[in-house]
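Based on the provided sequences and hints, a complete structural model is requested.
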Amino acid sequence: MIDGLLVGSVYGLAAMGLSLIWGVMNVINLTHGAMIALGMFGMYVLFGAITGHPYVLLLPEIGVGLLLGVVVYWVAIHWVIGRPMLMSLLSTFAVNMIIIGIGTAVWTTSPYNVNFNLPGLTVGSYTFTGNHIAAAVAALILALALDLFLRRTRPGKAIRAVSDHREAAELMGISSTTVLSIAFGIGIAMAIASGALVATLFPFTILSGGTYQLKSFVVTVLAGLGKPLGALVAGVLLGLLEGAVTPFMAASWIPLIEFTLFVVVLVAFPRGIFGKVAA
Amino acid sequence: MAPVLQIEKIESGYGEVQVLWGISLEVEAGKLTTIVGANGAGKTTTLRTAMGSVRPWHGRIFLEGEEVTRLSAHAKAGRGLVLVPEGRQLFPTLSVEENLEMGGYSTRARKRQRANLERVYELFPRLKERRKQRSSTLSGGEQQMLAMGRGLMQEPVVLMIDELSLGLAPVLTQQLFLTLKSLRGQGITIVLVEQNVHLALALSDYTYVLAEGRVTIQGESRQVAQMDEVRRAYLGL
Chain A
1 MIDGLLVGSV YGLAAMGLSL IWGVMNVINL THGAMIALGM FGMYVLFGAI
51 TGHPYVLLLP EIGVGLLLGV VVYWVAIHWV IGRPMLMSLL STFAVNMIII
101 GIGTAVWTTS PYNVNFNLPG LTVGSYTFTG NHIAAAVAAL ILALALDLFL
151 RRTRPGKAIR AVSDHREAAE LMGISSTTVL SIAFGIGIAM AIASGALVAT
201 LFPFTILSGG TYQLKSFVVT VLAGLGKPLG ALVAGVLLGL LEGAVTPFMA
251 ASWIPLIEFT LFVVVLVAFP RGIFGKVAA
Chain B
1001 MAPVLQIEKI ESGYGEVQVL WGISLEVEAG KLTTIVGANG AGKTTTLRTA
1051 MGSVRPWHGR IFLEGEEVTR LSAHAKAGRG LVLVPEGRQL FPTLSVEENL
1101 EMGGYSTRAR KRQRANLERV YELFPRLKER RKQRSSTLSG GEQQMLAMGR
1151 GLMQEPVVLM IDELSLGLAP VLTQQLFLTL KSLRGQGITI VLVEQNVHLA
1201 LALSDYTYVL AEGRVTIQGE SRQVAQMDEV RRAYLGL
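Chains as they are written, first to last, in this note's numbering: chain A, 1 to 279; chain B, 1001 to 1237.
Worth flagging that the hints you see were computed from the coordinates, not collected in a lab.
Glycine included, each C-beta is placed from N, C-alpha and C at the ideal position.
Don't take every hint at face value.
[Claimed, not checked] Here are the computed distance ranges between Cβ atoms for each label pair:
#1 A:N117 with B:R1131: 48 to 58 Å
#2 A:W74 with B:Q1186: 35 to 45 Å
#3 A:F149 with B:T1137: 23 to 33 Å
#4 A:T127 with B:E1118: 56 to 66 Å
#5 B:L1166 with A:T178: 29 to 39 Å
#6 B:E1118 with A:P155: 22 to 32 Å
#7 B:R1114 with A:L266: 57 to 67 Å
#8 A:T178 with B:E1212: 31 to 41 Å
#9 B:K1132 with A:N115: 44 to 54 Å
#10 B:R1114 with A:A251: 54 to 64 Å
#11 A:V106 with B:K1009: 53 to 63 Å
#12 B:W1021 with A:L89: 34 to 44 Å
Given below as structure tokens:
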């Protein structure tokens, strides 16, 4: 149960990236899962090569994620923004396939893991895995940092302004394409960071990202679009749900339950449970 | 003296539809210039083309003597060409103060952001009272004040205002016009598109009358107001 809460905060972090991109540029980023997988393998490669502390390795991963996001924006997103959503779905799906394809060629689809264990924390008869606690803390810090960035800093406000009214932002002297590419980069960096954290928790393959992408969708819909902090909370809720369900039934039931929830929320709260009735 | 903003034989439109058919305007420093005309005459499109929100098909645009025809809207905004757009176009999820901060976004405007914020709050005390509120919660008049304030935060070389009085109560309109007058008195160059022709002519120094995407009449506002065709067509006299 508590473990679900810890893992859930990592889901939340992944979903924040999806939610940010979706909310700001109205693009459903189907590269999300591939980026999460890249984050996992990034952690694997870096950890193998430098044997640094995994949580320090997050920083270069985030940096690479930002850059990669900006590049992907200019290659695949810039041309389809403002056009029918199918266009960006197709182009991000194509990038997704390219990344998965390259990843499969390099790492095949066999499972990998990052061999690293922090000492656990025992409370009474209960032991929490050290990695889970550390991942949750890291996810929380990143999530709060993103929220603070969006609410308090000048570039963060510019992202919100472009999201609110792109043409008016241009009138203010804000280069909206630059801002969008940075926002996309941040979204990707979040995905990669969450992948890197997941890699310290579970074994993974190049295809694992897909599962987390689906979870991110559920979380984003739960939270309502463009509400990064809401996404974090919804991610934790989803993790809690998983933690509560697994003692009673096989883990393979989880997707069924999650997507039933997904449909129910869509029907009952089309704007997400944290969404306001009137925007 | 050379005009601050010069528009030369601009043609533009939307998609296949041409709206402007060779419009030329000259805006002199420190003057209040108005553009009036019937609905669909191309007033808003003129401002949007000058700004770069709509790309000109033909013609040239100069700002402070430099050609800026091909620059994007954000680049022109960075040089001090400011448009307070029709329908305010505020950032609804940002607070009043954040909206004003966005006005001070460009490198030019940033240097004087503090002083400008003070000035805007002095001009519109109501905005100061509500600075923590989301801009979507403001009344129509307050929103127009915020749109103007945001424009002033941009350190305008030329301040272009589209439909200042649209949807506002007469008292508020009067008040905003007085504000404009005092701004002009402080030496700010203003271009005003206005449907209230009476007020526009009474207040401004120079007037352009647009019809069907062309300039049909231009001149000192005092003289334009005396013209028979203007009195008949626009003033209902």
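Against the structure, the hints come out as follows:
1. A:N117 with B:R1131: 48 to 58 Å: With a Cβ separation near 51 Å, A:N117 and B:R1131 satisfy 48 to 58 Å, so the hint holds.
2. A:W74 with B:Q1186: 35 to 45 Å: Since A:W74 and B:Q1186 have Cβ atoms about 43 Å apart, the given range 35 to 45 Å holds.
3. A:F149 with B:T1137: 23 to 33 Å: For A:F149 and B:T1137 the Cβ distance comes to about 25 Å; the hint holds.
4. A:T127 with B:E1118: 56 to 66 Å: 59 Å, holds
5. B:L1166 with A:T178: 29 to 39 Å: Check passed, 32 Å falls within 29 to 39 Å.
6. B:E1118 with A:P155: 22 to 32 Å: 24 Å, holds
7. B:R1114 with A:L266: 57 to 67 Å: Since B:R1114 and A:L266 have Cβ atoms about 46 Å apart, the given range 57 to 67 Å is violated.
8. A:T178 with B:E1212: 31 to 41 Å: 38 Å, holds
9. B:K1132 with A:N115: 44 to 54 Å: Distance hint for B:K1132, A:N115 holds at roughly 50 Å.
10. B:R1114 with A:A251: 54 to 64 Å: At roughly 57 Å between Cβ atoms, A:A251 and B:R1114 fall inside 54 to 64 Å, so the hint holds.
11. A:V106 with B:K1009: 53 to 63 Å: Because 59 Å falls inside the window, the suggested range holds.
12. B:W1021 with A:L89: 34 to 44 Å: Given range 34 to 44 Å: holds, Cβ gap about 41 Å.
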